[in-house]
Each structure stands twice: as structure tokens, then as C-alpha cells.
Amino acid sequence: MRNMKRFLLAAASAVLLSACAISPDGPSNESITKLMKQSFAERGVAKLDRLDQSELQRVCSEYTGKEMPKAVKEKLEQAALASVRYPADGKYLGDFSRGERIAQSGVGMQFSDAPGTVAGGNCYACHQISKQELAYGNIGPSLYNYGKLRGDSEAILKYTWARLYNAHAFNACNSMPRFGAAGILTEAQMKDVMALLLDPKSPVNQ
Amino acid sequence: MRTMTTRDRRQASALRLSAKAGLKALLIAIGLSASALAGAQPKDATEAEIEKYRQMLQDGNPAELVSLKGEGLWKKKQGPKQASLESCDLGLGPGVVKGANAQLPRYFADSDAVMDLETRIVHCMVTIQGLDRTKITARPYSGAGQSATDMEALVAYVVEESRGMKINVPQQHQKEKEAFARGEKIFYFRGGPYDFSCASCHAVDNQRIRLQGLPNLTKTEPAQKAFASWPAYRVSQGALRTMQWRIYDCFRQQRFPELKYLSPASVDLIAFLGVRANGGVMETPAIKR
Chain A
21 MRNMKRFLLA AASAVLLSAC AISPDGPSNE SITKLMKQSF AERGVAKLDR LDQSELQRVC
81 SEYTGKEMPK AVKEKLEQAA LASVRYPADG KYLGDFSRGE RIAQSGVGMQ FSDAPGTVAG
141 GNCYACHQIS KQELAYGNIG PSLYNYGKLR GDSEAILKYT WARLYNAHAF NACNSMPRFG
201 AAGILTEAQM KDVMALLLDP KSPVNQ
Chain B
39 MRTMTTRDRR QASALRLSAK AGLKALLIAI GLSASALAGA QPKDATEAEI EKYRQMLQDG
99 NPAELVSLKG EGLWKKKQGP KQASLESCDL GLGPGVVKGA NAQLPRYFAD SDAVMDLETR
159 IVHCMVTIQG LDRTKITARP YSGAGQSATD MEALVAYVVE ESRGMKINVP QQHQKEKEAF
219 ARGEKIFYFR GGPYDFSCAS CHAVDNQRIR LQGLPNLTKT EPAQKAFASW PAYRVSQGAL
279 RTMQWRIYDC FRQQRFPELK YLSPASVDLI AFLGVRANGG VMETPAIKR
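As given, the protein sequences belong to chains A and B, one line each in that order. Under my numbering, the first residue of the first sequence carries the number 21, and numbering increases by one thereafter. Under my numbering, the first residue of the second sequence carries the number 39, and numbering increases by one thereafter.
Think of the hints as simulated: they come from the structure by calculation, not from any bench. Any given hint could turn out to be false.
[What the hints assert, rightly or not] Some chain A residues near chain B, calculated using beta-carbon distances under 7 Å:
{"no.": "1", "residue": "Ser59"}
{"no.": "2", "residue": "Phe60"}
{"no.": "3", "residue": "Arg63"}
{"no.": "4", "residue": "Leu68"}
{"no.": "5", "residue": "Gly136"}
{"no.": "6", "residue": "Val138"}
{"no.": "7", "residue": "Ala155"}
{"no.": "8", "residue": "Gly160"}
{"no.": "9", "residue": "Ser195"}
C-beta: ideal position from N, C-alpha, C; glycine also.
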């Protein structure tokens, strides 16, 4: 009986291993990057180096739809947290009405954008934020009443800032762009979005 | 059983085209009521409203006019060799257009390569008609307010001949299997300043960007419905959009560089999506918002 159990365990782990193993004939990451570079052309702000995957992008691609080992995930999260640069003046909140405009704007960083286009945050593409905007996506959680529910303690300010700056610090390989770390939004823009979420006077917190 | 021939339907569509402006107004009105509903009512009510709007669109698809133009081009003798495309082999034998796109991309022995529909049409224009590849692929997509390009028209004609056919993208040849495997990797490839892959938006059920639904392409049924409905007439752009364009514009929003027309990555990705959609039924050319 014990032998049988052992045999079943061994068989089960063999199946698991083969499911995880990458087929020796499957395309390598290097060959895919090469193929991608042959298949795209630089235009406007979008250069070919966008196809050189970072460590984070490579690992996250590898594990999409699969369970990631805890150690791998923690390593990515630590690196992401270490990338966060907090505002030098210690001030976290800008102007919530400017923040609302940034949250609405989906332009920026596309090859079709005019040079010098200031990127938006496009927050409504994925999140409910203020109650007035009904055309919101649902890829991310609702942020309605974000500040009202959490308050504006130093800890919450720092956590929210880090979450906008590099969301992989808390949940590696989630879908949210690294608005600070990837240089999508400026520090001033990030402060405005922070105010939209956390300022008690923001429509989000009414 | 169809009660009207393809040609009858196209002519009826020509009469309906004057209603196109009305259709646009309707679209805006329904778009507004759909967005109002999103906040006020449960999600299935919103979905039902959007589905109603989709069904109304079906009643007059201007793509049929584009495909009429395409049929003319297909049968017209042109190019240095003064030949028509009627002898073009789209995979089911020379001259067979019926059902061909439901089985593309596939391996072609004459080129020793896997080709999608648009690659194959260009191949035929070059080899049969003697046309210049660079010239015919220089501007494949029409701009806003422009009439359909020759490529869009030819595509519209060929895909209409697969409407109602079962999707059956082959995985027999080794190169077809390799194209699928690369396409799968490309689907999950995260890159660019936003770290997006195709899977960022297309791997979870019932997700939306703003109010736009995102099919979960990792699941059979939504993968079938999505593949079956491209190429499509985009009402908001007033244009027939091809499968190459669909992939091109997704990558633009992913913040990747510009996808080259007929590039190897595009063919691999279309092969992956096609194989995942096998068993579905083609509805092309479809009509969309």
C-alpha cells in the first residue's frame, strides 16, 4: 500500500514536471525577441528597444496563467519596491481636478502620438474612480471612495505612491503599468492623481 | 439555407447604404444609453443592451459593398502579366475561394511557408499578375474617410466567401505547428513601457476597457467568436478592417513599435488565434461599433 502511494506520488510529480518543462523544440526567448524585432519598425517615440524585455517582463511573460514559485515572486516584488522614488519634498498630494484630467486621458507613448505628447494615466480604462464617470473598465478594482475608506496617513500616502510608481512591488506580474518607474507620468502628474484618490475634497471621496 | 444570393444581398445593401448616417446616429444614441445603464443597472442589463445594438448593426453591413469591389478586382485582368486572381490557390486548390479563409493561415508548399490570407493574396498578385510587392503593400489600410484600398476590397470578397464555414486552421505540417508555438509565445510576450502583452487584456473573462468588452482569447468560445468576426466593418471608422489591421492596432495600443504588414510575428499570432478558434463558424465580414 505504501509502495503504491509512493508510486502514485512519483507518477504525479513526473506529470507535473513535464507540464512545467519547456519543450526542447519550443521557441526560445531569444528567438522570439529576434522575430519580434524583425516584425516591427520604429516609428515616432516607439523604438525597437521596447522589444528588449526587462527581467520583470521576461519572467512575467513566462508565468502568465501559471503559478509562480513564491521565491521568484518575492524577488520581483523586492526589486520593484526598491525602484520606488518618493517625492523629494515629502509632499504627496497635488491638485485633484488636474488628477481627474490625467485619469481620463489615454494618450501617450503610442507610435501614432505626435512628438511631445504628454502621456495620460488612462486610469478609467481599468478602474472605477469618481462616481460621475460611468464609462470605466473593470480590469482593476474600483477606486471609488479610495481615500474615504483608507484615510490619508503617512503609511497610506507612501503605499499608494509606491503602488502607482511600480505596482509590482505588491503583486508581481499584475497588469498595471509602472507609471513612475517606466517614466509614463511625471512626479507632478503622479501627485495630481494621488490627490484625486486621497484628497478629502476630491469627488472620489464624496 | 439562404434565401438570397450573395449578389442579391449586396445589392440590397447598396440601397441600405443611404441609411449609414442614420446608423451612426443610432450608434451614438445607443452608446450613450449603454453608458448610462452601466452605472445604474446590473451588468447583464448593459450587456443585453449592447447585444441589441450589435444585432441592429447586422441589418446593413457596408462591408458588402467593399466585397463587391473586391470581387471585381479579383476577376479583373491586370498587372504586367494581364492576369486575374481567379487561378490563385488560397489553400483549397487553384481558383477555390469558397471556404478558403476558414482554413487560413496554413502551410503552402510552393513557398515553403505558413501564410495568412493577406500574405497569400499578395503572393498571388506578385506571382500571377506580376505586380510589385513593395508597391502593393506600401499602403494596405485606408485612412479616415477614404475608400477601401485594393487589399481591403480583395480581403472583403474572399472572407465573405467563408461566411458560415467552420473554422479549421490546420496543424498538420511541422511549420504550422512551429507557427502556432511562436504565436503562443508572442501572445504572452510582455514588453514596451506599459509592460503589456496580448494576454494583459485577453486572458480573463468578462473584462472591459472603459465599456469595450475584451474577449478572453484563452478560452475556446470567446476565441471562436473573436476570430470568426474579423475582418470586420468598423462603423466608427467607416472602413473595412482586415485581420492584419486588427493585430496592428492592438500592438499600437500595447505601446509597441509599428507592426510591419505581413510580418512573421503577425502571421504566427494569427495562426495561434485561428487554431484556438477551430470549430467556430466564420461570420466575416462582420460589423462592429
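*Which hint numbers does the structure go against, in order from smallest to largest?*
Going through the list in order, the structure violates hints 5, 6 and 8 and respects the others.
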